[in-house]
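Asker: Protein chains in written order, with numbering that gives the first Met the number 0: chain A, 0 to 536; chain B, 0 to 66.
Fair warning: there could be bad hints in the mix.
[Said to hold, decoys possible] For lysine to any residue, the following SDA-like pairs were computed, each having C-alpha atoms within a straight-line distance of at most 25 Å:
# : chain 1 : residue 1 : chain 2 : residue 2
1 : A       : Lys103    : A       : Asp280
2 : A       : Lys234    : B       : Leu34
3 : A       : Lys96     : B       : Asn8
[As the list claims (entries may be wrong)] Some chain B residues well away from chain A (every beta-carbon gap over 12 Å; in silico):
#  : residue
4  : Ile4
5  : Leu5
6  : Leu19
7  : Ala21
8  : Gly25
9  : Ala29
10 : Ala33
11 : Val41
12 : Glu54
13 : Ala55
14 : Gln57
15 : Arg61
To be clear, the hints were calculated from the coordinates, so they are not data collected in a lab.
This structure is a prediction, so every number in the text was calculated from the model and none was measured.
All C-beta atoms, glycine included, are put in the ideal place defined by N, C-alpha and C.
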Amino acid sequence: MNKIFETPLYPYTRSPDQGCTPVARRRVVIVGAGPVGLAAAIDLAQQGIEAVVLDDNDKVSFGSRAICFAKRQLEILDRLGCGQQMVDKGVVWNLGKVFFGDRKVYEFNLLPEDGHQRPAFINLQQYYFETYLVQHAQQLQSQGAPIELRGQNKVTRVEDRGDHVALQIDTPEGPYDLQADWLIACDGAGSPIRAMMGLDFVGRVFEDNFLIADVIMDAEFPTERWFWFDPPFNKGQSALLHKQPDGVWRIDLQLGWDIDKEQEKQPEKVIPRLKAMLGEDVNFQLEWVSIYTFQCRRMEKFRHNRVIFAGDSAHQVSPFGARGANSGLQDADNLVWKLKLVIDGKAPPALLDSYDTERVYGADENILNSSRSTDFITPKSQQSRIFRDAVLDLSEHFAFARPLVNSGRLSLPCTYDGSDLNSADALPDGPARTRPGAPCPDVALEGGYLLPQLGNEFVLLCINTAPPQALQVNGIAVRPLALTCDGQTNTALAQRYLGDAPAAVYLLRPDQHVAARWPSYNEPEIRAALLRATAQG
Amino acid sequence: MSRLILTPNLDRPDDVYADLLAAHDGLDKAQSDALNARLILVLANHIGDRQVIAEALQAASRAGQPV
Ligand SMILES: Cc1cc2nc3c(=O)[nH]c(=O)nc-3n(C[C@H](O)[C@H](O)[C@H](O)COP(=O)(O)OP(=O)(O)OC[C@H]3O[C@@H](n4cnc5c(N)ncnc54)[C@H](O)[C@@H]3O)c2cc1C
Chain A
0 MNKIFETPLY PYTRSPDQGC TPVARRRVVI VGAGPVGLAA AIDLAQQGIE
50 AVVLDDNDKV SFGSRAICFA KRQLEILDRL GCGQQMVDKG VVWNLGKVFF
100 GDRKVYEFNL LPEDGHQRPA FINLQQYYFE TYLVQHAQQL QSQGAPIELR
150 GQNKVTRVED RGDHVALQID TPEGPYDLQA DWLIACDGAG SPIRAMMGLD
200 FVGRVFEDNF LIADVIMDAE FPTERWFWFD PPFNKGQSAL LHKQPDGVWR
250 IDLQLGWDID KEQEKQPEKV IPRLKAMLGE DVNFQLEWVS IYTFQCRRME
300 KFRHNRVIFA GDSAHQVSPF GARGANSGLQ DADNLVWKLK LVIDGKAPPA
350 LLDSYDTERV YGADENILNS SRSTDFITPK SQQSRIFRDA VLDLSEHFAF
400 ARPLVNSGRL SLPCTYDGSD LNSADALPDG PARTRPGAPC PDVALEGGYL
450 LPQLGNEFVL LCINTAPPQA LQVNGIAVRP LALTCDGQTN TALAQRYLGD
500 APAAVYLLRP DQHVAARWPS YNEPEIRAAL LRATAQG
Chain B
0 MSRLILTPNL DRPDDVYADL LAAHDGLDKA QSDALNARLI LVLANHIGDR
50 QVIAEALQAA SRAGQPV
């Protein structure tokens with residue numbers, strides 16, 4: 000079998016930085032070529048900031064991990080230039096079914112709202128996700144963008160020296176030193192950098208094991224997410240079945256705490272389990288088997304002067320709700336524009352503290368949601384199991400109980416309520432979903448969509464009001480974008496951005512979040528809001 | 000602000016109490032626990048107000064402790 004995760008994608012080659020004196024200094028060094036490190040590097044390089052990615056490996060994520068990628072992440076990838084590829088390869092799904100014991104008790108439709116370019120979710124193996132990011136990075140590099148991937152470069156020492164970071168890196172040809180103006184640590188949940196810096200990572204350990212089996216089968220199962228509580232084939236535990244591209248199915252079986260992991264991974268154990276679930280006569284082939292446990296925890300602070308943590312190194316959640324890689328991409332999305340403004344000397348380093356506040360807020364939201372899902376899926380006391388089963392029994396009969404069923408609250412982007420970068424809402428009649436701090440919802444427009452027209456720079460979205468000339472505030476450009484809508488045309492734009500207001504002006508951040516909004520154009524207020532949104536207010 | 004009612008509010012208290020007992024007739028402990036849980040959820044949804052439910056939780060917890 001040709002396993003994509005066994006093929007080196009960025010094999011080691013010697014860099015001129017190795018053994019050079021004085022020690023080479025790079026603008027941004029990113030440790031870890033997982034989804035988060037790769038996305039951050041691409042984002043930086045596309046905006047002209049030098050990004051060197053170091054990874055102790057030279058391949059994509061080993062084996063099978065993330066499979067569900069949410070709409071917001073696809074929108075971020077669109078901004079990075081590789082969303083379409085993911086969607087083309089991915090499996091789009093909307094329908095979920097919930098089983099309790101041997102009965103189907105409930106089904107849900109993610110009911111994607113009209114007028115979004117991207118679906119609510121796609122399923123795609125993490126190794127494809129990373130392969131496409133690596134290929135995109137390599138393509139950018141061949142076009143002259145300042146991006147570089149260094150395989151088999153293992154970071155062994157990190158020292159923050161105030162105005163730069165010093166690194167020691169091990170390679171097949173021995174160690175070398177390197178300096179970075181800024182270091183982004185995307186080195187995963189076990190983050191060696193976090194350990195080297197003696198930083199905390201506290202939270203809750205869940206005493207449970209889950210078996211993951213990715214199987215290839217030609218089966219009649221539909222493209223839906225099936226979740227079982229206490230099924231006959233896995234008594235007292237849970238199970239999940241989900242479709243991936245290439246006829247691969249993800250099966251996730253809860254095993255409990257006191258098990259022999261090595262034994263449970265053996266095909267002699269796994270195959271009978273799967274047959275009990277799928278049926279004796281279903282033909283399947285095992286592609287990947289592993290056992291995982293999980294924790295919900297985060298660092299107290301994500302920014303430590305010139306070392307900034309992003310993705311799993313900064314926070315870890317249970318897989319229920321698909322919030323791991325999804326939230327890591329939001330970290331990168333949030334960080335890169337801020338870092339660029341600081342590097343370009345257009346905003347003070349204090350802007351980076353807002354990365355800390357906003358993404359800690361996001362991490363807490365994710366940890367809360369995924370802990371609650373976990374408590375529902377794997378009840379920790381007799382009483383919590385009684386309530387859980389009561390909800391499931393009721394859900395079969397009464398609609399009211401269905402919103403209580405929690406088989407994973409699927410990843411949604413976070414609204415940065417209360418962020419210092421927001422200006423007070425000057426359009427109180429406007430829709431709550433586009434209040435300051437919110438990510439911009441997409442809208443179908445004549446000949447295209449809204450989101451592809453936003454991002455990478457500040458945009459002043461003027462709806463039903465004349466746009467100004469392009470604006471510069473302390474060297475930061477604000478690009479006007481004028482749109483109109485009335486009762487007949489672009490009604491979704493009116494619903495999502497106007498509410499009861501006849502017109503509106505939005506100041507949108509480079510990461511497509513709302514910074515401020517007003518009923519009409521007022522230049523001094525826009526200037527003040529822009530300064531606030533860049534930590535100069 | 001809605002408030003939890005803690006003064007007599009049942010029309011025929013003895014009948015309601017008897018209905019509660021009758022619903023548990025013939026059930027074993029596990030079945031009774033399950034019934035109670037379902038009942039709590041049904042009633043909570045009917046109340047529909049998180050604040051009132053929080054007050055009810057508090058009242059019920061407090062009443063279980065020695066004065
Ligand atoms: C079973 C399972 C299912 C999941 N399902 C989902 C899902 O459906 N959706 C979702 O969004 N998330 C999911 N996740 C979570 C997702 O896999 C992670 O959140 C994601 O991989 C984190 O990306 P990252 O880039 O932060 O870190 P990683 O992907 O862990 O990458 C870290 C990189 O750093 C490198 N590295 C480490 N130390 C060093 C060093 N000293 N020097 C150089 N390089 C180093 C590593 O080699 C690695 O390449 C799942 C996870 C599991 C286990």
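Asker: All the hints need checking, so say for each whether the structure fits it.
Answerer: We went through each hint and held it up to the structure:
{"no.": "1", "hint": "A:Lys103 - A:Asp280", "result": "22 Å, holds"}
{"no.": "2", "hint": "A:Lys234 - B:Leu34", "result": "22 Å, holds"}
{"no.": "3", "hint": "A:Lys96 - B:Asn8", "result": "41 Å, violated"}
{"no.": "4", "hint": "Ile4", "result": "22 Å, holds"}
{"no.": "5", "hint": "Leu5", "result": "24 Å, holds"}
{"no.": "6", "hint": "Leu19", "result": "16 Å, holds"}
{"no.": "7", "hint": "Ala21", "result": "20 Å, holds"}
{"no.": "8", "hint": "Gly25", "result": "18 Å, holds"}
{"no.": "9", "hint": "Ala29", "result": "8 Å, violated"}
{"no.": "10", "hint": "Ala33", "result": "6 Å, violated"}
{"no.": "11", "hint": "Val41", "result": "7 Å, violated"}
{"no.": "12", "hint": "Glu54", "result": "19 Å, holds"}
{"no.": "13", "hint": "Ala55", "result": "15 Å, holds"}
{"no.": "14", "hint": "Gln57", "result": "18 Å, holds"}
{"no.": "15", "hint": "Arg61", "result": "19 Å, holds"}
In this structure, the hints that do not hold are numbers 3, 9, 10, 11, in rising order.
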